[in-house]
Structures are given as C-alpha cells and as structure tokens.
Amino acid sequence: MNSDKITKAVLFSVSILILLLAAGMLYSLVGGSLPAFKTFGLRFIISGEWDPTYGREKYGALPFIVGTLITSFAALLISLPLSFSTSLFLGEYFRGTRVARILGILVDLLAGIPSIVYGLWGFYVLRPLLIDLGFGGQGFGIFTASLILAIMIIPYATSLSNEIIGMVPNDLKEAAYSLGATRLEVITTVTIPAARSGIIAGYILSFGRALGETMAVTMLIGNTNLVPDSLFDTGNTMASVIANQFGEADGLKLSSLIAIGLLLFLMTGVINAIGKLIIKKMN
Amino acid sequence: MKSMKTFLSLILIVVLFSACQNSAKKTGESGGSSVSLTSAGATFPLPYYNLVFKNYAKETGVQVTYGGIGSGGGIRSLKDKVVDFGATDAYLNDDQLVEMPAEVVHIPTCMGAVVIAYNLPGVEELKLSDSLLEKIFMGEITRWNDPALKSNNEGVTLPDLEIVFVHRSDGSGTTHIFSDYMSKVSQKWADEVGAGKSLKWPVGMGAKGNPGVAGTISQTEGAIGYIGSEFAFAQKIQTAKVQNSSGEYIEPSIESISAAAQGDIPADTRVMVTNSDFPTAYPISGFTWIILYKEQAYDGRSEALARGTVEFLDWLVSEDAQAQAAKVNYAPLPEATVQKAKAILRSVTYNGEAILKE
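Top to bottom, those sequences are chains A and B. Each residue of the first sequence is one higher than the one before, starting from 52 at the first, in this note's numbering. Each residue of the second sequence is one higher than the one before, starting from 676 at the first, in this note's numbering.
Any given hint could turn out to be false.
Said to hold, decoys possible - Listed next, the stretches of chain B that the computed footprint assigns to chain A, with coverage defined by at least 3 CB atoms under 8 Å from CB atoms of chain A:
(1) 729-738
(2) 835-845
(3) 872-886
Unchecked claim - 30 Å max Cα-Cα, derived DSBU-like pairs, lysine-lysine:
(4) A:K109 / B:K810
(5) B:K756 / B:K825
(6) A:K59 / A:K224
(7) A:K109 / B:K859
(8) A:K89 / B:K756
(9) A:K109 / B:K875
(10) B:K825 / B:K810
(11) B:K1015 / B:K1002
(12) B:K733 / B:K969
(13) B:K969 / A:K109
(14) B:K875 / A:K89
(15) A:K109 / B:K754
(16) A:K89 / B:K754
(17) B:K969 / B:K1017
Don't read these hints as lab results, they were simulated from the structure. Using N, Cα and C, we set each Cβ at its ideal position, and we do this for glycine too.
Taking the hints into account, I'd like the entire structure generated from these sequences.
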C-alpha cells in the first residue's frame, strides 16, 4: 500500500465514523422517544400541557417549541443590526486598520466566553437593569433571554460576514468607484450582493446556535412550562427543559424529554437545510 | 497478510485489557478489608455522605465512592446493578418496587427538611399557617400586605410588594418533600397540583438547584420559595416559621427536623414524615434513603463484597456516623428509626443466610 492509499482509507473511515455517529444519535433519539409518541401521538407536539405529577402524567412540547422559536428569532432580530454594522465596519470601512484588528479580537473573545458566564452576567447585571428600566415584573422571561442570546450570537454572525465581505474582489469595487459610486453605493450595490450568501449563512449559523443554547437561557427565562402570553412573560425552551429535568426523569417523562431532543435535532436540521437552499438559490 | 497481523494484534490488545480488568476486580473482591464499594444517587445528602464515607475509609480502609447523580439516577443504577447500593430522597412506590429485578430494601440514613425562604426588607420573622401556604403557593394571595398575612403576623410590617414564588425548575427530592407536605395540608393543592419531584406549578417561576432558588430569592424583593435545609443552614438564609399540625409555629432546626420522625414509622421505613403531629416537629421534614437488594448474592458478587456493603450501612446508621450529621447541617435519625434500620439490615441475606448475625 502506498501512502496515498493509506491517507485515502483513513480519511474515508473517519468520515464514515462521523456519519455513523450522527446516525446512531438519531437512532437512539427515535428509539427513546417512541413511548412518548406512542402515548400522546401528534398531540405531543401541539399540546401545551406539561404535567409531570405521578398518576396524571401528560406531556406536550408546545410551550418549549414556542419558547425556543421566539427567543431564537428575537435574538436574531436584535443581533442583526449590531452584527451587520460591526461586520461592515470591520470588513469594509476600517478594513486592515488597528482599530478593526482590536475590535475583531474583542468580538472573537465574545464567542469564547462560556455560556454560564453570560448567564451570570445576565442574572446580576442585565436583569436588574431591565427592572430599573421598567421592563415588566422581575426581569425574568422571554425578552431577557432573547437579549442575552442576541449578545451571544453576535460574534458568530459578525466574524463570518466580516470574512465574506473581506473576500469580495477589489476589482469589482474599484470598477464601481471608477463609475463615480460613493462608498455607500459600493456597499449596497456591490459588496452586499456579492457577499449575500455568505452573510446569510452566518446568520443561519448563529440562529442554530441560539436554538440550542441552554445555560444562559435557563438562568434568565424563568422556567415556567407554559406557552408564554407575551414577550415579557416567563417561559422555557427545549434545551433548557431537557437540561433542567433530565436528572430526575424516568419512564414516560424521560421519553418525552428525549422526544423534545429529537424535535430539536430535526428543527436544527431543517433550518440548516433551508439555509443551504437559500445559499444555493442565490448563487 | 498485513491486515491479518493488525487484526491479531488488535485481538491481543483487547484480551490484555480485559485480563487486567478481571484481575483488578478479583483483588478488589477478595481479601476482606480491601473491598471497595460503589454507590450513586441523590444529591441532597451528598455533603453528608462525602464526609462520613471519607471517615469510614480512614477508620476501616474500605473505600466507598459515591456519585451524586440524582435520586432517579440512583434508582436506575441499582436497577442496572452497576452500583452496590443506590441512594434516593423519595422512597420507591409500589409500582417502582415491582419494576426492580429483585426485592429492594430501604435504609434511612439521615434527615433533612425544606425551609421557606423569603426576601422582605425589614421583616425579621414570618409565621405561615397551612392556609396561608396554600393561598400563597396557589396564587390566591398576590401581595405581601394582604390582610390574611397581616393578621397572622401581628407586629410585623409587611411591605406592599408583589409575591414572587420561586420554585425548582429541575426535578428534585426537595420539591417532592415540599409538595408532599402541601398535599397533606391542602386538599386544593392535592387535587390541582399533587406531589412529585417536578410539578405543574400554578404560579411562580423556576430556578435550577438550591443555589439557583436561593440566588433568585436574594436578588428579588418580595420573593418567597423553598430550599433544602442543608443549603439554607449552611448559607444562614432567613427562613419562615411554619405551623405544624399541633398548631405550633416551628423554626426549622436540626432538633425540630429530627423530631418529625418521633412518631409511628412503618417497619420498612417507607414513609413521608411530613406534617408530623409531634409538638416540636418542623412539619416539612423527611428521610433520605439508601436502597439495596435484599438478597446480596447476585451477578456473581462475592460474599466479602456483600458483607462489606451491609457492615458499612450498619455503621452509617450507628451513633458514630449519625453524630457527624449536624456538622454538615443534616439532622440525625431518632433512636427508634435507627433500630428499625438496623432490623432491616439484619434481614439482608447472602444465598438466603443473614449476613449480620448479631
């Protein structure tokens, strides 16, 4: 065997291994969630009732699905203007300058902060601030969780968009300048259209991150297992309820939590697929 | 040819590994005092177990490892026979007992309680009766200056603040004791909420673990919630006096918690001692248990390992170990309960013969 073949064999088996891991995960999630789906059927997804009391157990995932989608979308919306401006600043206006370098490092640093630290900061700093500003009640809830999620996903969206914006060929931009375009016009007519698919990919990646975020959300969302009435109501998310309840769960409850895990897995998969599709269409 | 070689060497490695494991197991099982025990379960008694298990190792050389993975995990581990004994804050109900592969016995090891913590600036003492607890936790009273609260706490200035109930967001034995008590004193609670490790809460919001609940209460004026006594005592958290079924308002303490078991305890000790009618008992108290198989000869366990397990548990309920409970803010078992635990341990057998003779 020559080295080329060995390399090929190693790479092939590692890829297969990863595929097997994903398949195995899906398999055990499906297997574990079967009792829940058998007992509740599709009602599991559309029911808002979560009653773990022994003897009258009833589980429905709706409060958590709604909580996850609302917090993640809200986080995306809140982070959009911030991260988009930052990536333009870093990738276009101040590209290559010292300021941009330092800011870039700081943004990357945000990505490296552990989730629990965001949670603590949210609990001790952001929450009291929101109470002082008069945002409803005790400062716990969907809105607070969305805010902290928005801050957490900024670096993901920013660095990817920033990279892509930086990769737009200078020839294109120079051509636009030579036609008398202003800087803003170059950005809106050349840079953004050329980098569009990459920018969108960045936001999808950060949305995926928001979907699965657990610790910081748990500490701020209030953990009530009901479909929230408003943005300022308390609620819960899929990842958060699993993290909270898994330790002491057994029987039907354990199966229901695994079923929520399966739904989260599928949701993330679907969103990624939609993202890929958008990118493909735009190219 | 080459692949054959790799295959053979792989097999050799596997064989070597398993041989090592086997020999390790054997030395662990034979030779009397050198047994080591594995256990896992409830997190509530973890600080107590850590302390006494370490002391036992110092005294006898028997190493006992304990994994604080939660009561549910403790029951699962015993069911899967991966531990020598499990630990749980809630005794196995009849359904759960039937699901176990063999007969399981419960050994109570110490007592704890659930205290009601609150955050009301300037309020030094708060007295809560059954009906007040029901009204607060069912969401019928929503402000601290409610007349019902005021009339029960004369001489205390209760502020005009919203009542924010903070409960556990994770499944917990603490929640189980709390809700068991609530179900006993309030028919409405029993009908609408019930008892369990996690519940469908009528009001309030959740925080994770005792630290989470305590932290949220301390950060929120007007908050009230329930916390495990071991955590509350260690952190010197201000707690409310709760009315017991003799009508007395009792401050939670090591003594008043122990007093809760001064009543009729069934022989198998599977009982919730909440709402005790003993005059000095703090009413939201409970046992924590260790569970093990009654017949210890299973899965090829050696007699030495079985003996090691039972002797250790016999020590755990002895005065020697119980005296250390208060150091880590747990309440010791009353003498009558110790006697019952010892009787149960003497019913544990190896191949049908009692392990502890005297």
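Hint-by-hint comparison with the structure:
1. 729-738: violated (count 0)
2. 835-845: Coverage by chain A holds for the segment 835-845 of chain B (4 residues, Cβ < 8 Å).
3. 872-886: Coverage by chain A holds here, the residue count being 10 at a Cβ distance below 8 Å.
4. A:K109 / B:K810: holds, 25 Å
5. B:K756 / B:K825: violated, 54 Å
6. A:K59 / A:K224: violated, 41 Å
7. A:K109 / B:K859: Within the cut-off at roughly 23 Å; holds.
8. A:K89 / B:K756: Cα-Cα ~29 Å, so holds.
9. A:K109 / B:K875: holds, 10 Å
10. B:K825 / B:K810: holds, 13 Å
11. B:K1015 / B:K1002: The hint holds at about 24 Å.
12. B:K733 / B:K969: Cα-Cα ~27 Å, so holds.
13. B:K969 / A:K109: violated, 34 Å
14. B:K875 / A:K89: holds, 22 Å
15. A:K109 / B:K754: holds, 25 Å
16. A:K89 / B:K754: holds, 24 Å
17. B:K969 / B:K1017: holds, 13 Å
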